[in-house]
Structures are given as C-alpha cells and as structure tokens.
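Novice: Spelled out, the chains give:
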Amino acid sequence: DAGVTQSPTHLIKTRGQHVTLRCSPISGHKSVSWYQQVLGQGPQFIFQYYEKEERGRGNFPDRFSARQFPNYSSELNVNALLLGDSALYLCASSFRDRGLTEAFFGQGTRLTVV
Amino acid sequence: ELKVEQNPLFLSMQEGKNYTIYCNYSTTSDRLYWYRQDPGKSLESLFVLLSNGAVKQEGRLMASLDTKARLSTLHITAAVHDLSATYFCAVRGNAGGTSYGKLTFGQGTILTVHP
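Protein chains in written order, with our numbering: chain A, 2 to 115; chain B, 137 to 251.
Quick caveat, the hints were computed from the structure, so don't treat them as lab data. Please note that the accuracy of each hint is not assured.
What the hints assert, rightly or not - Listed next, with one range per pair, are the computed distances between beta-carbon atoms:
1) B:K153 with A:V115: 38 to 44 Å
2) B:D166 with A:E52: 18 to 24 Å
3) A:Q18 with B:D174: 25 to 31 Å
Ideal Cβ positions, reconstructed from N, Cα and C, are used throughout, including at glycine.
Throw the hints in and build the complete structure from the sequences for me.
Specialist: Next comes the structure, spelled out in structure tokens:
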C-alpha cells in the first residue's frame with residue numbers, strides 16, 4: 002500500500018503569492034493533519050481534519066486554510082506568502098481523530114518564499 | 137498549553153557508547169511518540185507509548201514512559217553511525233480537549249555518532 006503522498010515535493014514562490022499544497026492519506030485513513038516545520042525546529046500543528054470537518058487549528062494566521070475532500074485527501078492553502086512561511090510542510094494521516102491510532106507522515110513539501 | 141522539552145538538544149557520541157535522550161511534557165497525556173528525521177526527509181515513526189511503565193525496544197533503541205513524572209526516555213545502546221539523525225518526541229493532547237488530535241513536538245535532539 003502507498004504511504005502518505007504529498008505534492009509537490011519542492012516549491013519556490015514569491016512574497017505575496019498564494020500556494021496550494023496537496024496530501025493523499027493512507028488508504029482507509031480518514032484523518033489528515035498539517036504541520037509546519039521551520040529549519041532547526043520541531044513541527045508545529047496547523048490543522049486537523051476528520052471526515053471533511055475541521056477538528057483542530059493551531060496558532061496560525063487566517064492566511065492559512067485547509068479542506069478535506071470526500072476521498073479524504075486534503076489541501077493546505079496559504080495566501081499572501083511571507084518570507085517566514087518558508088518551511089517543510091508535513092501531512093500526517095491516521096485512521097481516526099481519537100482512540101488508539103498512530104500518525105504517519107508524508108515526505109513533505111519544501112516551500113521556499115523569495 | 138502543553139509544552140514538550142527534550143534534552144540534550146545536541147548529542148555527539150562515539151560508536152559503541154550508550155546514552156539517553158529525555159523528553160519532559162507539561163500536562164497529562166495518553167500517548168507519546170518518538171520519531172526519527174534524517175536531513176531533508178520526513179518523520180519516521182519509531183515508537184508509540186500508550187501507558188505508564190510502557191517500554192518498547194527496536195534494535196539499539198529502547199523507549200520508556202513514566203506518565204506520573206511526565207517523562208519519556210529514548211535509550212541508545214552501543215551506538216552506530218547509522219543512528220545519526222534528529223530524534224523528536226511528540227505528545228498528544230489529552231482526551232476531551234479540543235486539541236485531542238494535535239501532536240506537540242519537542243525541539244528535537246540532533247544525534248551524531250562518530251567512529
């Protein structure tokens with residue numbers, strides 16, 4: 002079975018632009034979470050979605066938004082990009098949002114804002 | 137707010153030596169994770185610890201959890217160069233909270249194993 006897949010793997014954008022990152026969870030997994038990892042730091046929670054509903058939101062500005070589709074894939078959108086948005090964006094997939102479940106991470110999207 | 141602290145943040149080891157990475161967290165949680173990250177790569181799951189006193193071992197790595205002390209340890213036995221990586225612990229928010237599905241990560245421990 003395929004693991005968590007993210008696209009694109011690398012992306013360069015200019016300040017002020019908009020970006021969309023995509024994630025396909027492991028087959029059968031219904032929960033997707035997004036994390037931002039700035040170089041040299043641990044990942045920071047951005048959003049969690051389960052069954053197409055937002056179940057959690059981290060301390061990020063409204064420029065960050067996300068959604069989950071009926072096939073459980075997800076998009077993370079970031080508007081009005083800032084240099085500080087440069088980071089590795091990780092998607093994590095799990096079977097459900099509660100209970101005994103493990104989170105598996107995709108390979109990430111490396112976003113560079115210039 | 138849940139806070140997770142790891143120490144040390146940098147660890148330089150000789151091959152064959154033993155060492156322990158510590159992970160402290162600030163509030164009650166029902167689940168603790170250990171991940172490994174190689175440079176430029178994603179997070180690889182190592183262990184999931186579910187209950188007080190839980191101990192799991194895989195190869196030269198052994199993780200344990202003390203929920204009363206809010207402490208987890210990752211013990212490295214007879215280190216080899218292949219273990220060089222960054223190790224993160226992560227804690228999940230407690231049941232019933234609004235951030236139940238959220239993982240809070242420590243700062244990471246950069247481990248370098250020298251010949």
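Novice: Taking the hints in turn, state whether each one holds.
Specialist: Against the structure, the hints come out as follows:
One distance hint, 38 to 44 Å for the beta-carbon pair B:K153 and A:V115, holds here, with the actual separation near 43 Å. Checked against the given bound of 18 to 24 Å, the beta carbons of B:D166 and A:E52, roughly 22 Å apart, stay inside it. For A:Q18 and B:D174, the hinted distance range of 25 to 31 Å is satisfied, since their beta carbons lie about 30 Å from each other.
The earlier numbered hints are all upheld by this structure, with none contradicted.
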